[in-house]
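**Q** Residue numbers (this note's numbering), protein chains in the order written: chain A, 179 to 652; chain B, 3 to 311.
I should point out that these hints are in silico values taken from the structure, not numbers from a laboratory.
Certain hints may be false.
[Stated by the list, open to error] Distance condition first, Cα-Cα at most 16 Å in a straight line; then the derived EDC-like pairs of lysine to aspartate or glutamate:
| id | chain 1 | residue 1 | chain 2 | residue 2 |
| --- | --- | --- | --- | --- |
| 1 | A | Lys584 | A | Glu477 |
| 2 | B | Lys296 | B | Asp51 |
| 3 | A | Lys600 | B | Asp193 |
| 4 | A | Lys488 | B | Asp238 |
| 5 | B | Lys296 | B | Glu63 |
| 6 | B | Lys26 | A | Glu235 |
| 7 | A | Lys210 | A | Asp193 |
| 8 | A | Lys488 | B | Glu267 |
| 9 | B | Lys216 | B | Glu63 |
| 10 | A | Lys584 | A | Glu599 |
| 11 | A | Lys261 | A | Asp294 |
| 12 | A | Lys502 | A | Glu276 |
[Claimed, not checked] So, partial list: chain B residues that the calculated Cβ filter (under 8 Å) puts toward chain A:
| id | residue |
| --- | --- |
| 13 | Ile29 |
| 14 | Arg32 |
| 15 | Arg39 |
| 16 | Lys42 |
| 17 | Gln48 |
| 18 | Leu274 |
| 19 | Asp277 |
Every residue, glycine too, gets a C-beta built ideally from N, C-alpha and C.
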Amino acid sequence: MFSYAPAPESRSVVDIASSYGLFIDGSFDPAKDGGTFKTVNPASEEVLAEVAAAGSEDVDRAVAAARRAFESWSALPGSERAKYLFRIARIIQERSRELAVLESLDNGKPIKESRDVDLPLVAAHFFYYAGWADKLGYAGFGPDPRPLGVAGQVIPWNFPLLMLAWKIAPALATGNTVVLKPAETTPLSALFFADVCRQADLPPGVVNIVTGAGDTGAYLVQHPDVNKVAFTGSTEVGREIARAVAGTGKRLTLELGGKAANIVFDDAPIDQAVEGIVNGIFFNQGHVCCAGSRLLVQESIAEELLTSLKRRMSTLRVGDPLDKNTDIGAINSAAQLARITELSEIGGAEGAERWSPECQLPDRGFWFAPTIFTGVTQAHRIAREEIFGPVLSVLTFRTPAEAVEKANNTPYGLSAGVWSEKGSRILAIADKLRAGVVWANTFNKFDPASPFGGYKESGYGREGGRHGLEAYLA
Amino acid sequence: MTATASVRSSDLRSFLRGLPGVDKVGIEARAAALGTRSVKTSAKAQAIDLAIRMVDLTTLEGADTPGKVRALCAKGRRPDPADPGCPPVAAICVYPAMVPVASAALAGSGVRLASVATAFPSGQAPLDVKLADTRSAVEAGADEIDMVISRGAFLAGDYDRVFDEIVAVKEACGSAHLKVILETGELATYDNVRRASWLAMLAGADFIKTSTGKVAVNATLPITLVMLEAVRDFRDRHGRQVGVKPAGGIKNTKDAVKYLVMINETVGDDWLSPDWFRFGASSLLNDLLMQRTKLTTGHYAGPDYFTLD
């Protein structure tokens, strides 16, 4: 009766080169051993560009450049460093359309999210930390906190540019220099950012970008001349890094996996809770470490809530990430799709009831329909393991105490959500949840002023806010 | 099955208070998100024609005259004299005194005739006056009655009085459709909007309508969203479908399309028809016509190319 015509964003707003070098000491160079890898558009499997794969010599060179730049960068007055950060933030705003399209092409996320969520937050992070650069003496870490030196940063593929901003903005504001390794499936926006640094006249060596796979990252975090390691990614890799860094005197922050509980009480605003559940698990195809992947709903309203949730899921539009009306884009890689598929099959085999709305998935590319599992218990693997995809496990509870118990019964503790119209209940429950962030009557809300980080196997250290400075200051 | 019988008035208060709450931040965020849907080309053409067919072309001025009303009726029958393919509007909406004029002017056109009875817009008159107002409008040929609820009684917590008035007016309507105006701007909270929606539906409303257009806050997307959720939930529970009519302040095509998107994604196709959704508007129509012409000819025509009324 009323359907939307395709509304694709033009991909011609961004120029993608056929090949990219490593960004070291202010210039782009190929890898020493000539190694490259390809990055593809997950929505079409089309190769977007060939990117240099940094070997150990390249990483050495990048760390050495960062070390040289540290001398002068750390000696600048905070207000001078702030100028560069403000300039970067403004350039990002000016070029946000290019960046949003590039991010959607390389990552597969809908343009609606890269344009309206990622890019505004990226700029906001640079603005926020620019504001701190000349006020470090008032941040509560003593009158004259000092930078640590060279930061080795490794970021994931789910929010390539946003995670870059979370890492680079506080590091530069506090006077550190960085060597950053983006994920091998999504290197393009970091390389674009390198160009932004040049446009902002950032001194060479302050920011270095080394692209490559896991071994590049491993070499970077183990590099003896790196003073601080920051990692966001899987718990498994986080463990290896913690092991590698142990005893070296390097400072370390880890932001790892999650299996967040989204708790809906019987007095919740139902329609808004449904929106929050959808946003909690289907935002960014569920590729969110703090995704609300475990729905805990009070048994007395479970049926009503699930009916509403299924109805709402039927309106989700899956498809071309560049279409402005797309809600759910492509899964980032074939490997990730395989993992989501495998865990979902296990869910079915374990006896949970699987449901997806009817939806036509494109023929090419990596796609997974939004899925929920009902009848899930704490004993199911899909209730315990992070799936990192658009898959929701629905569990029920009877009393507030049971809700807290089940919510906390996980090796992770990154985030949680509470839905209730009763303010006293929200405060009481939030206080008992072992999670770094607890959202009340909302979900997946980020702000540069708000610290973010985990409990237990979700990692340690905080990013964002005043707390985020601490990890980069001696 | 009548919903009226299933709720005794003594239960009304506890029932309304037991409805799920509405989170202000959440509903406004959802309405804003729906407002960013991109509707272009063929989808836009389809949306514009649908919106025209949903317009209740309205004149509610103290200065209304038979001449003005006749002109409006002519416009409603043929909104774009230059293009016979342009659909007529859903209804013409006038004050009760103008119903005989409009009825004659619309005869045989298929365009329905709506009248705001029941001491519009304040509703501050004794019930017998409201009923007389309603009956005379229906007798003079109104197909639809837009009644205002007693906001004072609602805000004072006297739900029974509001309920009984709607029941009485519905009876006075006979076969005419009853649209109940909640005047949501005066109800102040989304919780009240949801309660008033349910109250009106339980009392027998065929349509629920946001506002008179005579107060500061009229139709908004989030208020209409709350009402759409209410009619959807009401049908799930009672099996009876009720229409929704946002009124006041919807001035351009872009806004109208946002409402259609909201219906599409909240309650679906069942409400995407003039039988179940109306725009209470006077200035919206010309913008729809201008955008329609833009789509067919490729360029904008100035306001002089469209009739005033």
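**Q** A/Lys600 and B/Asp193: Cα distance at most 16 Å?
**A** 14 Å, holds
**Q** Is the interface hint satisfied for B/Gln48? The criterion is a beta-carbon contact with chain A at less than 8 Å.
**A** 6 Å, holds
**Q** Does the alpha-carbon distance linking A/Lys488 and B/Glu267 stay inside the 16 Å limit?
**A** 13 Å, holds
**Q** Is the Cα-Cα distance between B/Lys296 and B/Glu63 16 Å or less?
**A** The given pair, whose Cα atoms are some 31 Å apart, is violated under the 16 Å limit.
**Q** Checking one constraint from the list: CA of A/Lys502 to CA of A/Glu276, max 16 Å. Satisfied?
**A** 15 Å, holds
**Q** Measuring from the C-beta of B/Leu274 to each C-beta in chain A, is the shortest one below 8 Å?
**A** 5 Å, holds
**Q** Verify the proposed pairing of A/Lys210 with A/Asp193, using a straight-line Cα cut of 16 Å.
**A** Between A/Lys210 and A/Asp193 the Cα gap is close to 26 Å, so the pair fails against 16 Å, i.e. violated.
**Q** Just to be careful, I want the Cα atoms of B/Lys26 and A/Glu235 compared with a cutoff of 16 Å; is the pair within it?
**A** 56 Å, violated
**Q** CA of B/Lys216 to CA of B/Glu63, is that 16 Å or under?
**A** Between B/Lys216 and B/Glu63 the Cα gap is close to 10 Å, so the pair holds against 16 Å.
**Q** Quickly compare the C-alpha distance for B/Lys296 and B/Asp51 to 16 Å and report which way the hint goes.
**A** 13 Å, holds
**Q** Holds or violated: is there a CB of chain A closer than 8 Å to the CB of B/Ile29?
**A** 6 Å, holds
**Q** Are A/Lys584 and A/Glu477 close enough, with their CA atoms no more than 16 Å apart?
**A** Cα-Cα ~14 Å, so holds.
Of the numbered hints given earlier, the model fails hints 5, 6, 7, 10, 11, 19; all others are met.
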